[in-house]
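A.B. asks: Listed here are the chains, written in short residue letters.
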Amino acid sequence: MAEPSDRAGTQIDWEAIERSPEFQELVTRRRRFVLPCTVFFLAWYMAFILVCAYAPDFMGESVYQGLTVGYCYALTQFVMVFGLGLLYLRKSDKEFDPLAERAIEAYADDEGHPGARFGRERAGAPAREARR
Amino acid sequence: MSVLAAVNVEAVVIFSIVLSITLLITYWASKRMTGTSTFYAAGRQITGFQNGLAISGDYLSAASFLGIAGLIYLYGFDGFLYSIGFLVAFLTVMFLLAERMRNAGKYTIADVLSFRLNERPARTAAALGTLSVVAFYLIAQMVGAGVLIQALVGIDFTLAVILTGGFMLCYVIFGGMLATTWVQIIKAVLLMTGIIVMSLFVLERVGFNPIELFNRAEANTTPESTFSLGPGTYLDTPLDTVSLGLALVLGTAGLPHILMRFFTVPNARAARSSVVWAMCLIGCFYLLTTFIGFGARVVLGEAGVEAAGTGGNLAAPNLATALGGGEGTFGGDLFLAVIAGVAFATILAVVAGLVLSASSAVAHDIWSSIIRKGQDSEKEEVWVARVAAATIGIIAIVIAVIGGSGLNVSFMVGLAFAIAASANFPALLLALTWRRFNTTGAVCGVVLGVVSAIGLIIVSPGVWPGADSETGSPIGWTLANPGIVSIPLGFLGCIVGTLVSSERGAERSFHELFVRSETGLGAEKALPGH
Numbered sequence: 001m002a003e004p005s006d007r008a009g010t011q012i013d014w015e016a017i018e019r020s021p022e023f024q025e026l027v028t029r030r031r032r033f034v035l036p037c038t039v040f041f042l043a044w045y046m047a048f049i050l051v052c053a054y055a056p057d058f059m060g061e062s063v064y065q066g067l068t069v070g071y072c073y074a075l076t077q078f079v080m081v082f083g084l085g086l087l088y089l090r091k092s093d094k095e096f097d098p099l100a101e102r103a104i105e106a107y108a109d110d111e112g113h114p115g116a117r118f119g120r121e122r123a124g125a126p127a128r129e130a131r132r
Numbered sequence: 133m134s135v136l137a138a139v140n141v142e143a144v145v146i147f148s149i150v151l152s153i154t155l156l157i158t159y160w161a162s163k164r165m166t167g168t169s170t171f172y173a174a175g176r177q178i179t180g181f182q183n184g185l186a187i188s189g190d191y192l193s194a195a196s197f198l199g200i201a202g203l204i205y206l207y208g209f210d211g212f213l214y215s216i217g218f219l220v221a222f223l224t225v226m227f228l229l230a231e232r233m234r235n236a237g238k239y240t241i242a243d244v245l246s247f248r249l250n251e252r253p254a255r256t257a258a259a260l261g262t263l264s265v266v267a268f269y270l271i272a273q274m275v276g277a278g279v280l281i282q283a284l285v286g287i288d289f290t291l292a293v294i295l296t297g298g299f300m301l302c303y304v305i306f307g308g309m310l311a312t313t314w315v316q317i318i319k320a321v322l323l324m325t326g327i328i329v330m331s332l333f334v335l336e337r338v339g340f341n342p343i344e345l346f347n348r349a350e351a352n353t354t355p356e357s358t359f360s361l362g363p364g365t366y367l368d369t370p371l372d373t374v375s376l377g378l379a380l381v382l383g384t385a386g387l388p389h390i391l392m393r394f395f396t397v398p399n400a401r402a403a404r405s406s407v408v409w410a411m412c413l414i415g416c417f418y419l420l421t422t423f424i425g426f427g428a429r430v431v432l433g434e435a436g437v438e439a440a441g442t443g444g445n446l447a448a449p450n451l452a453t454a455l456g457g458g459e460g461t462f463g464g465d466l467f468l469a470v471i472a473g474v475a476f477a478t479i480l481a482v483v484a485g486l487v488l489s490a491s492s493a494v495a496h497d498i499w500s501s502i503i504r505k506g507q508d509s510e511k512e513e514v515w516v517a518r519v520a521a522a523t524i525g526i527i528a529i530v531i532a533v534i535g536g537s538g539l540n541v542s543f544m545v546g547l548a549f550a551i552a553a554s555a556n557f558p559a560l561l562l563a564l565t566w567r568r569f570n571t572t573g574a575v576c577g578v579v580l581g582v583v584s585a586i587g588l589i590i591v592s593p594g595v596w597p598g599a600d601s602e603t604g605s606p607i608g609w610t611l612a613n614p615g616i617v618s619i620p621l622g623f624l625g626c627i628v629g630t631l632v633s634s635e636r637g638a639e640r641s642f643h644e645l646f647v648r649s650e651t652g653l654g655a656e657k658a659l660p661g662h
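The listed protein sequences derive, respectively, from chains A and B. Numbering of the first sequence is given in our numbering, commencing with residue 1 and proceeding in unit increments. Numbering of the second sequence is given in our numbering, commencing with residue 133 and proceeding in unit increments.
Any given hint could turn out to be false.
[As the list claims (entries may be wrong)] Covered by chain B, according to a simulated footprint, are these stretches of chain A (three or more residues, beta-carbon under 8 Å):
1) 25-36
2) 47-55
3) 70-81
[To be verified] Restricting the straight-line Cα-Cα distance to at most 20 Å, the calculated cross-link-like pairs of lysine to aspartate or glutamate (EDC-like) are:
4) B/LYS657 / A/GLU105
5) B/LYS505 / B/GLU344
6) B/LYS657 / A/GLU101
7) B/LYS657 / A/GLU95
Keep in mind the hints are simulated off the structure, nothing from the lab. The beta-carbon is built from N, C-alpha and C at its ideal position, and this holds for glycine as well.
Chain A with its partners taken away, still in its complex shape (with noise of 0.2 Å):
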């Protein structure tokens, strides 16, 4: 059912993927954009909670009429969420993708399925996982 039984996936040559130029060029890239993404969203997440914390006055000053800055730096953090999501979706389907098909094409399609994208993978399913 939920284990395909085929017991080729023993002989994935897991270590010569990941040598590879396609598998690197893909944790690079994806990591190049991951990283700084991470590290922007919690620093100006933790920012938010440290100005909150510590001057709680400035955020309660008014921008415009009831409208404070509390509001206005919270409002920024929904932008950045919903931005930073649809960057990353965008960026996925442009580049990660793409290169994660390459990166294990060796071992795709070959049970003849016709190749919707990560429908594939059928060819790896490593034999501890096929316990029944």
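Model the placement of chain B on the given structure of chain A, informed by the hints.
C.D. replies: Structure of chain B alone, referenced to chain A:
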């Protein structure tokens, strides 16, 4: 029947409709129950958008809906600060865990850890982390359910807890993840619709000008009010605020019932899009809770504080009554009943997800992998999972009934987030990204995370409310939120445990885990066809 004397008839009708729909779904799902993959992961056939809705349904508890709206009503900005943490947390999930979990895991957090680590200790540690988080979160939700249903519908606390627990068990035991998913999806739709309609009613009062809502909310305070458009009224200890903020942003990435949802989609791509859908829904939801909280401040004013109860939990329902035309009018009663029905569906969806993740830890990790060493049949595992769900559910019902409405709900939810961030998150993240990480590190990290989070809560001022050494914290500990200490300790445990031990194999199998988690090669597949 004195117990049922004050029952709200409209609410009972709406509750019955919600329950009938969910029971029909459970019946439908039970007919499709084919094995562990359906029971734990809905056959991995849930689409990205559906899973986004289900994640929102799994995540937004009654504490988010009624609790945050109530805090905003009472304290203004500080209530909103919670929402920001709850939302930004999904970036942590998206960037660091969602796709990797889907690619490398099967049903539980422990699957990911045990992939490259020594199976029995790694699974035991992960199950400990999962069960600790679920225990506190589940009891908090059950108590919250009892209190709210008692207040909203007029049935007795004990009966309300038993009813909630009964339906929760029904969904999980007969319908597994498939029924739970659809209950969560329906709940998300109900909750979003409810909060949008209510926000429109509120905005209509101020001519659809949000700034005017801010102005009137601030104007509608008295010198005794705690309400403020700036921070510091509810969260008045700076270091505690930072500690809370840290636990919120990292805790979600360690919540087993949320992470489990990523196993229900067909591939990493769907896992990714489901996080973004969830962010959009949850983000909109939290923006709108501000309107509800401010609306309550404008409409109910300072005079409504007492009626809003502990933590302002009843501010939103009371606002609904007022917006519908006031107490005793048909419109008022109906609006209240609708909001009560939404709150009830909210609670049911969350507790079902929690019980399911706990039962998977017991059946899949402890029973099937550790006790039976993988020799059991799939049928046996599903059967054990059902027994585990029933046992966990009954224990939670009993504790909630005995502990009664006096148990502090938000305190326990905070504890659950702190444990998740301190125990589950460091071990998972390092297992997926650090080549050198090993079993000793994982066990040390999880144990240290769980023990330090619970230990610091036990000595915290929340448990010892007094000011002096007689009634105050026995070791003079002043932080209510343990995160700022326990999260670094969780990471430290992982790192030191790894460095002081040496283990063959962990580094070798990292190649496989690394390639799998980054590319999806060899990932678990969806059941064929619908």
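A.B. asks: Now look at each hint and say whether the structure bears it out.
C.D. replies: Consistency of the hints with the structure:
1. For the stretch 25-36 of chain A, the stated coverage by chain B holds: 4 residues have a C-beta nearer than 8 Å to a C-beta of that chain, and at least 3 were required.
2. Under a criterion of three residues with beta carbons nearer than 8 Å to beta carbons of chain B, the stated coverage of the stretch 47-55 of chain A is upheld, 6 such residues being counted.
3. Three residues within the 8 Å Cβ limit are the bar, and the stretch 70-81 of chain A against chain B gives 7, so the coverage statement holds.
4. Simply put, B/LYS657 and A/GLU105 have alpha-carbon atoms about 18 Å apart, close enough for the 20 Å limit, and the pair holds.
5. Note on B/LYS505 and B/GLU344: the hinted pairing is violated, with a Cα-Cα distance of about 64 Å set against a maximum of 20 Å.
6. Between B/LYS657 and A/GLU101 the CA atoms are separated by roughly 16 Å; this keeps the pair inside 20 Å, and the hint holds.
7. Note on B/LYS657 and A/GLU95: the hinted pairing is violated, with a Cα-Cα distance of about 23 Å set against a maximum of 20 Å.
Of the hints listed earlier, those the structure fails to meet are numbers 5 and 7, in rising order.
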